[in-house]
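**Q** Order-wise, the sequence lines are chains A and B.
At position 158 of the first sequence (counting the first as 1) the number is 158 in this note's numbering, and the numbers step up by one without a gap.
At position 211 of the second sequence (counting the first as 1) the number is 211 in this note's numbering, and the numbers step up by one without a gap.
Please keep in mind that the hints were generated in silico from the structure rather than gathered at the bench.
One or more of the hints may lead you astray.
To be verified - Listed next, the in silico EDC-like pairs over lysine to aspartate or glutamate satisfying Cα-Cα at most 16 Å (straight line):
(1) K229/A / D160/B
(2) K217/B / D192/A
(3) K99/B / E136/B
(4) K229/B / D160/A
(5) K217/A / D192/B
(6) K61/A / D35/A
(7) K99/B / D169/B
(8) K61/A / E21/A
(9) K18/B / D178/B
(10) K89/B / E136/B
There are 2 protein chains.
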Amino acid sequence: MNIAVFGTGMVGQIISEKLLELGHQITIGTRNVQDAINRSEPGRLARPGFGTWHQAHPAIKIDTYARAAASASIIILATSGDGVLPALKQVEPQNLSGKILLDITNPLDLSQGMPPSLFVSNTDSLGEQIQRTYPESKVVKSLNTMAAFVMINPSLIPGDHNVFTSGNDPNAKSTIKDLLTSFGWQNHNIIDLGDITTARGTEQLIPLWVRLWGTLKTPIFNFNIVLGKTE
Amino acid sequence: MNIAVFGTGMVGQIISEKLLELGHQITIGTRNVQDAINRSEPGRLARPGFGTWHQAHPAIKIDTYARAAASASIIILATSGDGVLPALKQVEPQNLSGKILLDITNPLDLSQGMPPSLFVSNTDSLGEQIQRTYPESKVVKSLNTMAAFVMINPSLIPGDHNVFTSGNDPNAKSTIKDLLTSFGWQNHNIIDLGDITTARGTEQLIPLWVRLWGTLKTPIFNFNIVLGKTE
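Input sequences plus hints: build the corresponding full structure.
**A** Have a look at this one:
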């Protein structure tokens, strides 16, 4: 598939590499292409700067948000949470209409430092805000409850553990489920929570995720929902 | 131990039965003793009304919040979330000072129906509100991330799954850890998240818990945190 990945950070890089490996055509979308390519300073967790990383992955295209979205059938939202709506605003509305927007972001508010709070929560969610702003698009929230390395390689963590999906369009969720399967997620570990309002639940899991990261001293963990014995 | 359990509902009943079985002296605290005893209509999930239940469990005492707290060394808060602070207000401050308040409630706002939202969240939590209101007490938040039947019988769910603790006082958390162990929780499945501000994380897990209940069609499940392989 022709996939746009919005965001040049660690999450965008890791998911783009995996999608390329799986045979997809990838265009990373960014605000200013030249600025991104010029970025050579290492980023979070000693990841290379985007320009350095991009030189090592020449098969991954980079373009403006607008042009990356125009040619894509799926747009993966992997910017910072507060960058999602501004990025989508750069795209001509007809280039979003009817398309799947896979939202893997979280509405982190880091303005008060760590631990972050959420800039939308409880009675609304970022997933819902995106769906309301683009009613002709099919928003699917998924993968936002774990570190990027786990998203694209669930076998990093032994045994069963879960990924959630939220969204109003069953066909779009089915397409995303296939994508998750191609990343290595087993069918029985993909839990569809329901419509996009259920994104409130997964986004509000992040405050616990952040505290567990502190307690466990590693981001390589995930949640497994364990059911009681049936009589 | 002499334990007060605040709340005559399903959670209060289930935890009181277990504590009695473990040999503790239990006094259930309520606003109006006679009202509670007169309640014979079945409650949630076809539980007997409090009066009917109490007749079947005569060894469990019932008294006002004030008197139940006065004689107890630990007070378990098992009312509705919005009932916690009003209940504690009925107690003479010196009868709360220095005592452990085990808060197993969630700040559910059911005023808009299901699914509930939270009446405090994100930048504050009910656990913190209680600790701020009673700085001389030792608030420990725990057990609030699961159904009551699982709280007191973790073996209902096979294998590993977790219970969290949040609180500022290490000795109080140690006492609660012993209580959890007596319920059947294994040491390695009890995760101490840190101070009482970490209660924001576990309280914000409830919106996801409620959606999972809907998806899984049973409340008998729990979260297991699975760690990545170490190299």
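**Q** Take the hints in turn and mark each one as holding or not.
**A** Taking the hints in turn, this is what the structure says about them:
1. K229/A / D160/B: 13 Å, holds
2. K217/B / D192/A: Holds - the C-alpha atoms of D192/A and K217/B are around 13 Å apart, at most 16 Å.
3. K99/B / E136/B: With Cα atoms ~8 Å apart, K99/B and E136/B stay inside 16 Å; holds.
4. K229/B / D160/A: 13 Å, holds
5. K217/A / D192/B: It holds: about 13 Å lies between the C-alpha atoms, which stays within 16 Å.
6. K61/A / D35/A: Since the Cα atoms of K61/A and D35/A sit roughly 15 Å apart, the hinted pair holds (cutoff 16 Å).
7. K99/B / D169/B: 11 Å, holds
8. K61/A / E21/A: 14 Å, holds
9. K18/B / D178/B: 14 Å, holds
10. K89/B / E136/B: Holds - the C-alpha atoms of E136/B and K89/B are around 14 Å apart, at most 16 Å.
Of the numbered hints given earlier, the model fails none.
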